[in-house]
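Enquirer: Here is what each chain is made of, one letter per residue.
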Amino acid sequence: MKKLIAIILALTLALALVACSNNNGDNKDNNSSGNGNTVINNNDNSGEDNNGEATGSQYKSVDKIVLWTLSNDLKQFAERYTELTGNEVEVVVFDSADFATKINQTLGTKSKDVDVFVGEPQMLPNFFEAGFSADLSALDEQVKSRLVGYTYEAGKDEDGVLRAISYQACPGSVIYRRDLAKEVFGTDDPDEIGKLFSSFSAIEDTAKKLQEKGYTIFGDTGALRWFSNSSSPWVNDKGEIIVDQDRLDYFDCAVELYQKEYVAFAPEWSAAWYASMAGPLPMHAEWSGLDEVAGNPTTQIFSYVMPSWGALIVRDNAGDNKGLYGVCSGVCSFFGGGTFLTVNEYSAHKEAVQQFIEFCTLDDDTVRWWLEASNGDVVSNLAVLEENKDYENESFGNQKTYDFFMGEMDKIDYSLVTGYDDACKDAFGAAIISVQQGEATKEEALKGFYDLVIATYPELSIPADAPINQ
Amino acid sequence: MAVKVKKEETNAAVKPQGGLAARRDRKGILFCIPFVITFLIFNIYPVFRTLQMSFMSYKGFGKETFIAFDNYKRAFKDAFFWDAFLNTLKMWGVNIVLQLGLALLLTIIFNDMKYRMRGLSIFRALFYLPNLIACTSVAFLFKTLLDWRFGTVNQILLDAGIISAPVNWLTGEGLTAQMVVGVVGAWMWFGNSFIMLMAGVQGIDRSYFEAATIDGAGRWKMFTKVTMPLLRPIMLYVAVTSLIGGLQLFDLPYLLSGTKGQPGRSLFTAVFYLYDMAFNKNQMGYAAALAFVLFLIISVFCAIAFKLMNRKED
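Protein chains in written order, with this note's numbering: chain A, 1 to 470; chain B, 471 to 784.
Be aware that one or more of the hints could be misleading.
Residues from chain B that face chain A, not an exhaustive set, calculated with beta carbons under 10 Å [as the list claims (entries may be wrong)]:
1. Lys-529
2. Lys-533
3. Thr-535
4. Phe-551
5. Lys-730
6. Arg-735
7. Asn-750
8. Gln-753
Which chain A residues stay away from chain B? Per the calculated CB distances, all over 12 Å, these [stated by the list, open to error]:
9. Asp-63
10. Ser-145
11. Gly-214
12. Ser-232
13. Leu-362
14. Glu-387
15. Asp-410
When the alpha-carbon atoms are kept at most 30 Å apart in a straight line, the in silico BS3-like pairs for lysine-lysine are as follows [as the list claims (entries may be wrong)]:
16. A:Lys-238 x A:Lys-322
17. A:Lys-112 x A:Lys-60
18. B:Lys-529 x B:Lys-751
19. B:Lys-533 x A:Lys-102
20. B:Lys-543 x A:Lys-110
21. A:Lys-238 x B:Lys-543
22. A:Lys-195 x A:Lys-425
23. B:Lys-533 x A:Lys-238
24. A:Lys-447 x B:Lys-730
25. B:Lys-751 x A:Lys-102
No wet-lab data here; the hints were simulated from the structure.
Beta carbons: idealized from backbone N, C-alpha and C, even for Gly.
Make a model of the complete structure from these sequences and hints.
Expert: Okay, structure coming up:
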């Protein structure tokens, strides 16, 4: 009998020790990532509530999910996921400049160190082609019917297999000053102001009218680049580089705005550009500190062209101008950026990771929570967008911004996007700059554009009806 | 017979005489293994892997397709690569002229009997200092100094009346920006050349100078007829090593141009172009071929330079 009691006690003690050591093991990893990047570990098992247990029971238990990302947003998702499921998520945030290289190097060795990683739309085709992203076809139907259309298209590989899902949608808009619009054009109605940006020639006229009142239409002509995919892809199915009339109009408009000083010469992301959202700024500030250009004549920037996250930047930097902005359509609908989640093909926890992605993108409660937590991010979940479409946004003069962005999303034509877009846009931008600065004529610059794109991608060709052949 | 015995004795002296010596030899090999392994992994393997990639259509990920010499044919026809190579030569040209000229001038001053300059070791350290500063810091420093509106250089030149309007050093004319890179490079590396030339001059037998003095040679004659001819091999060595480094120029123009190679494409160097192809355009196979084309070019330049050096020695 004594022996039996001793055995039972010993087993109880052993089990207790095992349980304790598991806890210690979990905590042990809390502060180490081993790669020198920002890491947050979310392993708060102490505060499990009833709600957490109930929701958590749907999720597969896993020791730890390792997430590589570009922004801090997903730390909040990870914290919430851990609270609800008890599963630990280690979030490693990388600088965007190194991210694609880091993924290529790490997953090129079929590493299992990462379970889930993010990508922006332009990175995704490379990740898919490299075989880094696992098949998410199991979620295809849900994503197709419940998320914004273009995000579904962007998450598919060239064979149409779903491999990445985004919790965001980033349609573009022109963010304009309502007070200046009323003063110069007599109205601040988004539909009416949208007409002033409906074509490149309309933009030139608008810029001229603004200059007459002492205002500038944009920070610099780089704002126009968002409209470069207006009607044709940069490269068609035959592998020909397309410079259609819209692109030529874009070229001419950018040169005119520059040469007639219709813009403030404050490039996106410069100190002056940020400051301009709250008030007047010195002309020709470029990348200088504001104190350095304090003596220059001042102006006020009328509008900014950016994806939906840009509207939040304007709102957050508006200062006393908060509430004086509105959003309207431009020459064409466009999108930019957005965080897509994809499962590492070599992860040991594919099922759990897929559940995590589902949690971030398709779980309506989570998306509702994120809308609040992010203070206005535009999400990809259609049901949540629909719920918020009548929300009147105080920061934008009580405009129904979700309703507006939903309309813009519908107009995005993802078939215009190609893998050559970045290289073509960069080369076209360089051609525009060379004419703006008087280094080349338009013909020379266009020839240089074609030469550069073909030098980079020899498989492409110049069509017979290209502007340089006419 | 006597000769044979002597040869055997010599061999016996060289050969290990017992087990202990043999074990020592083997231990020596063991000590070399870490270096050899590291060298094979980090030096030899990448070279062969790059060579292999240069015959492939490869993005740096995904499938590799064998395309034989297509990447090399493309490289020889790629006008943008050759433009970048020409840019490299221009920047290196300015750099080497200033670098060698300044180093030579300082060498003459510090070796002149008449001036008897003191504190050579301090000056040597000071001149070498720019070489020790990280290129990122140098680029940041010169970007600030050369800012066309608020930079110190323009302010000084304007105040002194040397220029009437600010010069756009880095974002105006392509040629100006190339000159700036050359000058900054010379500032960074002239200390190194100075140390080598000083060593070269100090290695010249003093009797040559004494003989020239007795023959009535002046300082200029002594410099042109004694110092320069004897210093030429060192100068050639400095020029060749500078050329090898110069053709691989990347960091300074990359940073000074804000990573874009601007103005125009004037600050795109051959290696900058290679880097852009590999990591921005995802054309790793083509970039590998460019690396080998560059290697071939540098080899040819080196061969010519060594030929010149050897001819002089003969």
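Enquirer: Could you tell me which of the numbered hints above are not met by this structure, giving the numbers in increasing order?
Expert: 3, 16 and 20
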